[in-house]
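Peer 1: Listed below, chain by chain, are the residues.
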Amino acid sequence: MSFIWLWTDFLLWVLFALSVVAVVKIRGNELLLQKWQKVFAQPLALSAFIVFAFYILIGLSDSIHFRLDNSATTYSMLDRVLLPALEAEEKTYSTPLNFEQFSKEYLDNGLRGRVHLNLVSDEITNAGENTENLMSISANALFYAFVIFVGFILFLKKITSIHTQSNRAALATIFTLVFFCVWVVLMMPNYHILGTDKAGIDVFYKAVKSIRTGMIFGLLTTLLALPPAIILGLMAGYFKGKTDDVIQYIYTTINAIPGILLIAALVLILQVYMDEHASDYASALERSDLKLLLLCVILALTSWTGLCRLIRAETLKLSELEFVQAAKVFGVSNLKILFNHLLPNVMHLVLISIVLDFSGLVLIEAVLSYVGVGVDATTMSWGNMINAARLELSTDPVVWWPLASSFIFMFVLVLSANLFADRVRQVFDPKGDEDA
Amino acid sequence: MWTYIFRRVLYSIPILLGVNLITFLLFFMVSTPDDMARIQLGAKHVTEADIHTWKEEKGYNKPLFLNIDRSGSAILTDTIFYQKSMPLFQLDFGHSDSGRNINKDINERMWPSLALAIPSFIIALMTNIVFAMWMVMLLGTKLERMSLIFTVALMSISGLFYIIIAQKVVAGLWHWFPVSGYQGGFEAWRFVLLPVLIGVVAGLGSGVRWYRSIFLEEINKPYVNTARSKGLSEQQVLFKHVLKNAMIPILTGVVVVIPSLFMGSLIMESFFSIPGLGSYTIDAINSQDFAIVRAMVFLGSILYIVGLLLTDISYTWADPRVKFK
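Here the protein sequences come in this chain order: A and B. Residue numbers are given in the numbering used here: position 257 of the first sequence equals residue 257, and the series is strictly consecutive. Residue numbers are given in the numbering used here: position 249 of the second sequence equals residue 249, and the series is strictly consecutive.
Hints listed in this document are in silico derivations from the structure and should not be mistaken for laboratory results. Here a beta-carbon is modelled for each residue, glycine too, at the ideal position from N, C-alpha and C. Treat the hints with care, as some may be off.
Unchecked claim - Just a few of them, taken from the derived set where beta-carbon distance is under 10 angstroms, the chain A residues facing chain B:
#, residue
1, A170
2, I174
3, Y249
4, N255
5, A256
6, P258
7, Y370
8, V371
9, N387
10, R390
11, M410
12, V414
Just chain A, same shape as in the assembly:
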């Protein structure tokens, strides 16, 4: 078995390492710790964070790629977990949790009927038996989930003192997630949970694989946008004068160009470039991965200006305050003032913008795919799913499940990110509404 590191894999893990460092630092800082405790004191925010973390876990497990010794296919950890869904090949559409295909065709015996799905056991021949089977699997899942959950609570009680009363919402969320996982694990070898698409590929598999694409859009773009936004913002606010003029000019100019058009133009050029150099990439996977990364770079190029402007304004105010003036008088170097005195004081802006931008970036992926400047057609993403589903809606009878699946997966991620972001803003923004 050999590991394969794609660029985005590498960067996602760097990001993960950075956030671990951040957590360690927060634990050492009394003031920050208190603020974060305040964030998680709201049940809704805590639940949202747990769901969000669950998504991140899936995204990370999809970011370890390897190749087995005797095969040419590259798998991720997640692929191995979802293997039954990945390998069960059907011929065409089937509705969620069904035992036969969606459309009728001529069978071997000359009659018109629906073909039995390969994945589903042959013993199930009618809808009644199917429902019965589904119920029994679900009941099993509920039982196992309950056992696991009770075990988890007992384990948690042993290591920490949790007050089950105040953590009711969090525990309910965890139980739901545990049940969901167990249910999926039990269901997957026997059914296509969200049906199959036109080419007979499992829709659940596609929707879950899209999580990684969404995460990369939401997280990597911000990661890439932070350095220019922070450095230029601090410099403009601190040095003022000519430096400020130049930096202001740069971001006003970039802002003046309509965002989506600038992105579209950059992506068009990227496409032309990549088509010309198609032979430079080792595999289709690497090619589509590089395109994903460059898309993030492009989005970052157009999105750093907002944060830069905020940091500049804040630094302008801060650099007039006594502690900065004192540092100057004591002869502290500019670099040290910028990074030791000013940077920590604008970090709340950085944090708020990371969490607030995340959901917008996940959503914009779908729009870009629609405009035709999104991720590679071979990359699984919600945008590509929605795009394909648009045509399916006009068929009769309506093929609704691919659209519904991408909707649910996207909605849950964005909603949890938004709810969490809202709370973070409330706590960390000095102007935030202090009603909670």
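Chain B: place on chain A using the hints.
Peer 2: Same frame as chain A, but now just chain B:
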């Protein structure tokens, strides 16, 4: 005032030059005229001669920045950069790569875009403010908390879903509106109504939250207490006093987008086949017509700068204390 405006117009020249330079670098340096010729001529088997003729026809057969074969000012002017970007400043967008007159297209397609964008803008503005006011009135109640979460939920749905679902259900199944298409003149409202409604609903979540946060900043100021203690009703306090005082932040966010309404909406227009500038741009992107995309980028930048200028001017109207030097 006029000198201020004049100076602001002067300031915007370097920005436009910057925009022009960026778009030029993007479209001509990174992807050379040869690449463009290959895209436009389509097939893989394009001869050098074909490319040469195409470049000759479209005027791309010159050096990029400096033409050392010429003398005098022609060194600078007889180049692609000068020939292709100077006319932009006179709003002369020239011809698209497929040979269409871009100015004429813009003149024609502007109207459907405006027919969609202006009602969307006004109705969205009013609905957002009214709902935000309503939420401020309910401040601290359970209903307010519920509606706050509801707005977050609205925000969390991709705009594409609103469009796809509404188009399918309201127009496709119930036949309340035409599914797509457009007709000029008075009949336009039938085609525009559904996209407008979708636009308003899709923007409701973030819009309401934005106005709410503006009003909340005002609500604790002393003048609000004074107004209340005079015995004014809550509606009067909010819609007369708070709204007026919140005008500056509202204008900051609102006025800047007004000129950009011309550009139309990329997504909405292409979903509903409305022949506006948005669908024009998206078609250009799909057919990789760089001349049109470049023209739209430049037009959008000009409109944005005009928007910034209008924002500043609108401050004087909203707050007499604001004076320009």
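Peer 1: Each hint should be assessed against the structure and marked as holding or not.
Peer 2: Hints versus structure:
1. A170: Where the cut-off is 10 angstroms and the nearest Cβ of chain B is about 17 angstroms from A170 (chain A), the hint is violated.
2. I174: violated (21 angstroms)
3. Y249: Holds: closest Cβ of chain B sits about 7 angstroms from Y249 (chain A), inside 10 angstroms.
4. N255: Because about 7 angstroms separates N255 (chain A) from the closest Cβ in chain B, which is inside the 10 angstroms limit, the hint holds.
5. A256: Holds, about 4 angstroms.
6. P258: Holds, about 4 angstroms.
7. Y370: This interface hint holds because 6 angstroms falls under the 10 angstroms limit.
8. V371: Holds. Min distance 6 angstroms.
9. N387: Interface hint status for N387 (chain A): holds (9 angstroms vs cutoff 10 angstroms).
10. R390: holds (6 angstroms)
11. M410: holds (6 angstroms)
12. V414: holds (4 angstroms)
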